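Colleague: Here's the letter readout for the chains.
Number of protein chains: 2
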Amino acid sequence: MYDFEFLLLQHTKFIKNRSIFMASKLTPRSTDYSKWYNELVVNADLAQHSDVKGCMIIKPYGYAIWEKMKDQLDRMFKETGHQNAYFPLFIPKSYLSKEADHVEGFAKECAVVTHYRLKTSEDGGVVVDPDAKLEEELIVRPTSETIIWNTYKGWIQSYRDLPILVNQWANVVRWEMRTRLFLRTTEFLWQEGHTAHATKEEAIEETHKMLDVYAEFAEKYMAIPVIKGVKTASERFAGAVDTLCIEAMMQDGKALQAGTSHFLGQNFAKAFDVKFAGKDGGMDYVWATSWGVSTRLMGALIMTHSDDQGLRLPPSLAPIHVAIVPIYKGEEQLEEIREKLDGLIQSLRAAGLVVKFDDDDTKKPGWKFAEYELKGVPVRLAVGQRDLSNNMIEVARRDTGEKVMVSMDEAAGQVQRILDEIQKNLFDDAFAHRAANSRKVESYAEFKEEIEKGGFLYAHWDGTAETEAKIKEDTKATIRCIPIDGEQEEGKCMVTGNPSSQRVIFARAY
Amino acid sequence: MYDFEFLLLQHTKFIKNRSIFMASKLTPRSTDYSKWYNELVVNADLAQHSDVKGCMIIKPYGYAIWEKMKDQLDRMFKETGHQNAYFPLFIPKSYLSKEADHVEGFAKECAVVTHYRLKTSEDGGVVVDPDAKLEEELIVRPTSETIIWNTYKGWIQSYRDLPILVNQWANVVRWEMRTRLFLRTTEFLWQEGHTAHATKEEAIEETHKMLDVYAEFAEKYMAIPVIKGVKTASERFAGAVDTLCIEAMMQDGKALQAGTSHFLGQNFAKAFDVKFAGKDGGMDYVWATSWGVSTRLMGALIMTHSDDQGLRLPPSLAPIHVAIVPIYKGEEQLEEIREKLDGLIQSLRAAGLVVKFDDDDTKKPGWKFAEYELKGVPVRLAVGQRDLSNNMIEVARRDTGEKVMVSMDEAAGQVQRILDEIQKNLFDDAFAHRAANSRKVESYAEFKEEIEKGGFLYAHWDGTAETEAKIKEDTKATIRCIPIDGEQEEGKCMVTGNPSSQRVIFARAY
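Protein sequences, first through last, are from chains C and F. By the working numbering, the letter at position 2 of the first sequence is numbered 2, and the numbering carries on one by one without gaps. By the working numbering, the letter at position 90 of the second sequence is numbered 90, and the numbering carries on one by one without gaps.
Pairs involving identical chains hold if they fit within one copy or between any two copies, as the list cannot separate such chains.
Dumping the calculated DSSO-like pairs for lysine-lysine here, alpha-carbon to alpha-carbon at most 27 Å:
#, residue 1, residue 2
1, K98, K119
2, K53, K108
3, K98, K53
4, K133, K98
5, K133, K108
6, K53, K270
7, K356, K424
8, K68, K78
9, K25, K363
Rather than coming from a laboratory, the hints here were simulated on the basis of the structure. Computed from a prediction, not measured in an experiment: that's the story for all the values here.
Can you build the whole structure from these sequences, using the hints too?
Modeller: The following block contains the structure:
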């Protein structure tokens, strides 16, 4: 259907450009999954390392995806009755040590502000002014339970002030020695919900409700199947009574904790002396939850769906849904294409889709095809002169790589159907991958063999921290969670033979 | 139209509650403007001081207003071709001193991170681990020009990489000794745009374009009239060639700088060695702009419109547009009101308005009236039994305090008209106030007298920093700006008598 001579010319250019691109193509996943990931994050313009150790720069394309995630999560938080607020970046050092477990968990990885002024040095540079030393050092928040509960103390007098359902979008800092873009960085962006309740039951209900919000977000928008579970004591948040989580499986079979929701009991209320007068007039400590997801979700999104050609983005979170590449010679042909496609573009945009008509004449169509593939744009349209006269357009879908010629009049409908299919297909792919890499193991010998193949291993465990630690030391596998919807099944711990009532999920993890 | 007996009962309750409220009513503006402001910010649940010196907590109601401002600004940035990105919180100390003027401006007010770990002390608390000292101290960003231009160096090779039109929403820290909620805090939230261009003309155009965006936002959404102008050298951003600003007048006649847009020339490109190959192959330094507004705008919003009863919010930025207070006895009457109002509420919501039907039975109608007044909800509806049977509803507008009885069937349309009127009326009020408090002065003697009355004084100035400094020392007034749209008028400096071609605006300022 193309003008063949012209197509040949384009194809030659395509090959030429393609080969330029090939030079910087990604390391295949099968060769080195970790290298593939790092290259993809950088080449697809998602993020890069900064000169500040462990801190990343989120580039516009990566940030646009994060923004879509943020907007959708924010909507879901508000629909479940939460409001946003903002608390200080700095936490007085003494606050951190008010909750005993909390300080254990976070003291080792804190950025500490000790001074509040610089002065010019003799060599023209700047030095820290020794006269500007803080009386009490400030910690850059690694999480905000302490500063928030110190504030809630002033907000809560009686049951009428409860519940408090507050969320904060913020940056936090946890000093990390080994970092990876999105997955583990010293500074990262996140949201942290902090709620206060009159009863234990209500707080537990909130903990589960927010876990459900996270699970729904992961599955419906990120197209990532997740398992909801409870963390073991050793994997619990420092200061929590119980930590719930959603766990996802990456393509290399490793687990990634994608979100956590903590039931904090009265731990922080006691540490900060937050009591309320109940309906009956009696005083009691307030019950608490906290829950968060971070830019780490970007890592999960990338590692769940992408392939050796680049990203595969679920349409729900794609900054660009449809990229249109016109194939033309000269301004006149371009104008003709533009005019002909105007109706299609209008109707796609009217359907709420972001459409990019790429008329950048410094780049060849082949280069553009590879670029949109790398960036995971779900649908790419291409149209040349011959197509135009036949009233046809080429529709290529990113997830399967399939291309079909479609009548111009049916293109809008077709594109929307394909986008729905892609959203579903990515989830199904990930679900099938997880199913294929999840299995029950019965003995520790089998476990040690199977864990080398990756994936989720469902095994019986005796519930002790000692056994858990031994397995971790022997195999580097950790208990990802005790699945909430897990089948109750009598069994014996694969290590000690002691009784167990339910299988737990083991995996190596990010 | 009310059931009088019932109304009397309500009125008694109202007075009773009102008097409770009265006990905590605001200091009138005329008594102490500054105290009124502080009380209003706290009582209207906008923000509060935290235990961390100079850092504020933005409470949910205040944050909801900031979110609306943020969303609208973000939309306007995107419509003008900008994308968001995210850069590190920390800046290596040495970066700050690469641009000579920049370091002068910011070194004095920096939070400095010197360590990255705490350890438990013998008394069970925590101390800074002396072994975890950073080789180079990190500065918590007071603004991000340095870290961003250090990054742009890697992004820019040729003219094809330009322009870069990037914005960041972030928290920044400038150590302040005297702070006021929203107006001057050690940590604040803001956006900072950082753009890179191939030509000087394009960068200057961008600087003006973003100033126009700020002015449009201030006038159309915040309902605050602003004057666009150029800062004098002494008021310029540290590192800029030119600083443009929008200046607003508060109710006490003081000026507030509401946004700035800087033409940075090639200063940062030179400091960070960012060159590009032009179309002709020659190398040149890149041209830059930066521009920002912050949570300080919240202060401007509050101080421009509010009165002794509380906030007056422009409907464009109000988290709740319409509050409905049902006046009833017993669940049955409440149900009846609810049913009767269902259609009205639906149609207001369908028009995109946020409607709160306040059926909280722990609070009396009078308390609610005062509360919505304090919080600046633009329209309050009240309905009792008698109204219901007459198919009428009371509509009260916050800006003028007017109340009218409206037929239920016309209420939706009426409310929407009133909201439009309020938006316009707040702007007109502020505009009239500014006009009434702006005047030309001819002599320095007159100036010194007039400045005590507050407001904007248009006077001739000889263009020297010396004269400017003398005026500031004598009167505490600064040159707010050289108005961009100012009339060209030959005159003589009121202090030195030297020639001047245009009046500049003097005022005392926040």
